[in-house]
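K.L.:
Protein chains in written order, with my numbering: chain A, 27 to 385; chain B, 70 to 323.
Just so you know, these hints were derived from the structure itself, not from any lab. Among the hints, a few may not be true.
Said to hold, decoys possible - Far from chain B by the CB rule (all over 10 Å, computed), these chain A residues:
(1) 47
(2) 69
(3) 144
(4) 203
(5) 272
(6) 308
What the hints assert, rightly or not - The calculated lysine to aspartate or glutamate pairs, modelled on EDC-like cross-linking and capped at a C-alpha distance of 16 Å, are:
(7) A/235 x A/221
(8) A/34 x A/209
(9) B/270 x B/115
(10) A/350 x A/322
(11) A/234 x B/139
(12) A/235 x A/219
(13) A/257 x A/161
(14) A/235 x B/139
(15) A/323 x A/347
(16) A/380 x A/305
(17) B/267 x B/115
(18) A/323 x A/275
(19) A/234 x B/114
(20) A/235 x B/120
(21) A/235 x B/114
(22) A/234 x B/120
(23) B/237 x B/318
(24) A/262 x A/161
Being a predicted model, the structure only gives us computed values, none of them experimental. Beta carbons: idealized from backbone N, C-alpha and C, even for Gly.
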Amino acid sequence: MRELRLMKGNEVIAEAAIRSGCDAYFGYPITPQSEVMETLMELRPWEATGMVVLQAESETASINMVYGGASCGKRCMTSSSSPGISLMAEGISYLAGAELPALIVNVSRGGPGLGTIQPSQADYFQATKGGGHGDYHLIVLAPAAVQEMHDFVFLGFDLAFKYRNPVMILADGVIGQMMEKVELAPQRPRWTDEEVVQLNGSWAVTGKKNRDRHIITSVELDSLKFENFNKKLVEKYAKVREQEVRYEETLCDDAEYLIVAYGTSARIGQKAMELLRTEGIKAGLFRPITLYPFPEKELAARSKQLKGILTVELSAGQMIEDVKLSVGHQLHVEHYGRMGGMIYTPNEITDAFKKMINR
Amino acid sequence: MTVEEIIKPENLTYKKSPLLTDAPMHYCPGCSHGTVHKILAEVLEDLNAQENSIGITPVGCSVLLYNYIDIDWIEAAHGRAPAVATAAKRLYPNKHIFAYQGDGDLAAIGTGEIIHTCNRGDNVTIIFINNGIYGMTGGQMAPTTLLGMPTATTPYGRDPKLNGYPFKVSEIMAQLPGTGYVTRQAVHTPGAVRQARKALKKAFEKAYAGKGTSFIEIVATCSSGWKLSPVDSNKWMTENMFPFYPLGDLKDVE
Numbered sequence: 027m028r029e030l031r032l033m034k035g036n037e038v039i040a041e042a043a044i045r046s047g048c049d050a051y052f053g054y055p056i057t058p059q060s061e062v063m064e065t066l067m068e069l070r071p072w073e074a075t076g077m078v079v080l081q082a083e084s085e086t087a088s089i090n091m092v093y094g095g096a097s098c099g100k101r102c103m104t105s106s107s108s109p110g111i112s113l114m115a116e117g118i119s120y121l122a123g124a125e126l127p128a129l130i131v132n133v134s135r136g137g138p139g140l141g142t143i144q145p146s147q148a149d150y151f152q153a154t155k156g157g158g159h160g161d162y163h164l165i166v167l168a169p170a171a172v173q174e175m176h177d178f179v180f181l182g183f184d185l186a187f188k189y190r191n192p193v194m195i196l197a198d199g200v201i202g203q204m205m206e207k208v209e210l211a212p213q214r215p216r217w218t219d220e221e222v223v224q225l226n227g228s229w230a231v232t233g234k235k236n237r238d239r240h241i242i243t244s245v246e247l248d249s250l251k252f253e254n255f256n257k258k259l260v261e262k263y264a265k266v267r268e269q270e271v272r273y274e275e276t277l278c279d280d281a282e283y284l285i286v287a288y289g290t291s292a293r294i295g296q297k298a299m300e301l302l303r304t305e306g307i308k309a310g311l312f313r314p315i316t317l318y319p320f321p322e323k324e325l326a327a328r329s330k331q332l333k334g335i336l337t338v339e340l341s342a343g344q345m346i347e348d349v350k351l352s353v354g355h356q357l358h359v360e361h362y363g364r365m366g367g368m369i370y371t372p373n374e375i376t377d378a379f380k381k382m383i384n385r
Numbered sequence: 070m071t072v073e074e075i076i077k078p079e080n081l082t083y084k085k086s087p088l089l090t091d092a093p094m095h096y097c098p099g100c101s102h103g104t105v106h107k108i109l110a111e112v113l114e115d116l117n118a119q120e121n122s123i124g125i126t127p128v129g130c131s132v133l134l135y136n137y138i139d140i141d142w143i144e145a146a147h148g149r150a151p152a153v154a155t156a157a158k159r160l161y162p163n164k165h166i167f168a169y170q171g172d173g174d175l176a177a178i179g180t181g182e183i184i185h186t187c188n189r190g191d192n193v194t195i196i197f198i199n200n201g202i203y204g205m206t207g208g209q210m211a212p213t214t215l216l217g218m219p220t221a222t223t224p225y226g227r228d229p230k231l232n233g234y235p236f237k238v239s240e241i242m243a244q245l246p247g248t249g250y251v252t253r254q255a256v257h258t259p260g261a262v263r264q265a266r267k268a269l270k271k272a273f274e275k276a277y278a279g280k281g282t283s284f285i286e287i288v289a290t291c292s293s294g295w296k297l298s299p300v301d302s303n304k305w306m307t308e309n310m311f312p313f314y315p316l317g318d319l320k321d322v323e
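Generate the whole structure from the sequences, applying the supplied hints.
P.N.:
Set out below in structure tokens:
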């Protein structure tokens with residue numbers, strides 16, 4: 027039987043974590059995502075599934091707890107918002123460097139600095155281009171609905187373990203705080219310790235038994251060996267780009283112009299597109315679902331029929347760089363954004379769109 | 070008496086722990102790390118914990134500890150070993166989980182993690198090597214550097230007006246309700262090694278029995294950092310470190 031509920035995005039992250047068979051959540055309070063840990067503490071999953079939920083002393087400690095739990099071959103996650111994610115950057119780099127699977131949720135807010143607790147999409151560069159030190163990438167999923175907050179927890183864990191790489195759900199304060207109907211998946215059992223050995227026993231630390239010792243580390247002092255390790259990561263990311271691109275097109279088949287937007291902006295952008303269609307303007311909506319890997323080939327293919335693109339982001343223009351890299355400089359690409367926690371109305375977007383058309 | 074007669078099993082009084090690997094240790098002559106590694110391997114062997122333990126290594130001279138003891142290891146970011154250990158213990162409550170940290174790692178950059186792990190009382194063992202100096206980066210001041218002690222970043226000696234005061238970590242950990250056993254040991258004489266080994270075993274047993282965090286500090290030498298010979302290092306440690314960092318148990322909760 028389908029289990030439908032009206033829930034907040036942040037609450038859904040917690041509910042989906044439990045149902046996905048998550049072994050541990052480590053977090054630190056920060057607005058606008060504190061409901062994730064609050065919901066977990068209220069649901070007390072340690073009684074039902076044995077899932078560990080721990081409020082850490084800092085985001086630094088949280089991400090290093092995730093690192094420790096992931097080293098054990100278990101499904102571990104954390105959630106935070108922009109300044110907290112900055113604090114986690116070192117740990118995220120270590121996760122990538124040690125090839126550990128983990129799920130990190132960023133319900134982002136406006137920056138830089140302490141910024142604002144209002145929604146923003148200004149962490150695109152941080153999420154997709156690095157954030158921490160070294161040559162690494164996260165797999166980045168951008169939910170545009172509360173249902174996707176739920177679904178991407180499952181997908182995030184699956185991708186994290188498939189590639190042994192940290193995955194980030196890059197949401198924003200709107201998706202985190204908004205209530206929508208959501209269909210909850212049935213409980214997926216947590217792995218038993220025997221299953222962890224069976225599934226992840228080739229690399230995880232589970233106690234040295236009938237095998238050579240396992241060492242989870244990102245240090246390598248031999249430069250040639252370390253270059254070869256970096257090459258291995260490059261190959262992994264190439265495979266991710268080949269196999270994991272996800273995106274959604276709405277009314278793109280006959281479109282002459284596109285709005286390209288993700289997350290909350292895609293929801294507002296969809297309304298703007300509908301308004302433009304009522305005025306006879308052939309506008310379509312292209313929504314990247316994976317921000318890394320970015321759907322560059324798919325957008326490039328679509329761009330052949332286009333006269334222009336408006337990227338709509340709650341930032342000074344970050345994803346626009348990937349859009350331009352995808353479509354080349356022949357096509358006119360323009361950015362429209364709001365910053366600092368301000369959000370556009372659909373009419374603001376249609377106005378910007380019409381200006382773009384007339385240029 | 071022939072060699073064959075001497076090396077009969079019944080004449081064996083001492084042997085290398087099978088948990089110690091054959092990898093040549095990278096430590097300087099006179100460094101305490103090698104001795105502590107040895108007793109750590111022996112204690113893990115005593116507890117039959119090879120298949121049931123996970124160690125966390127720090128950033129610092131002992132970062133490569135995982136090369137020397139044949140168990141599963143996690144290499145942590147600088148200062149974060151207690152957080153890593155906390156997670157491992159929560160997910161594997163029936164394993165021996167321990168972290169091995171130096172004074173820069175534990176008492177400077179990792180102050181938050183060590184205090185909160187000990188205050189939560191996570192049932193892990195923390196081995197704290199205190200030699201009063203940053204060894205790997207070339208002998209800079211540590212939080213535990215004694216007043217007046219010259220280092221690369223206190224070339225005229227540690228001056229409290231400039232650099233603050235040496236940090237008595239074990240005394241702080243003993244005050245926290247989460248710790249079950251806090252002790253300060255050394256490994257500069259055979260007698261001290263035997264005592265430290267006994268304390269280390271007790272630390273592992275108490276953490277495993279759920280008595281809270283076990284915290285064992287080893288006051289240690291760093292001949293290279295101190296710019297003293299191994300023999301003079303032991304003498305200097307005895308005369309200068311022990312009066313400020315006295316050896317013995319600080320807390321032992323039943």
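K.L.:
Hints first: check each against the structure and report whether it holds.
P.N.:
Each hint, compared with the structure:
no., hint, result
1, 47, "holds (13 Å)"
2, 69, "holds (17 Å)"
3, 144, "holds (29 Å)"
4, 203, "holds (29 Å)"
5, 272, "holds (30 Å)"
6, 308, "holds (52 Å)"
7, A/235 x A/221, "holds (15 Å)"
8, A/34 x A/209, "holds (13 Å)"
9, B/270 x B/115, "holds (8 Å)"
10, A/350 x A/322, "holds (9 Å)"
11, A/234 x B/139, "holds (8 Å)"
12, A/235 x A/219, "holds (13 Å)"
13, A/257 x A/161, "holds (10 Å)"
14, A/235 x B/139, "holds (11 Å)"
15, A/323 x A/347, "holds (15 Å)"
16, A/380 x A/305, "holds (11 Å)"
17, B/267 x B/115, "holds (11 Å)"
18, A/323 x A/275, "holds (14 Å)"
19, A/234 x B/114, "holds (13 Å)"
20, A/235 x B/120, "holds (5 Å)"
21, A/235 x B/114, "holds (14 Å)"
22, A/234 x B/120, "holds (5 Å)"
23, B/237 x B/318, "holds (14 Å)"
24, A/262 x A/161, "holds (12 Å)"
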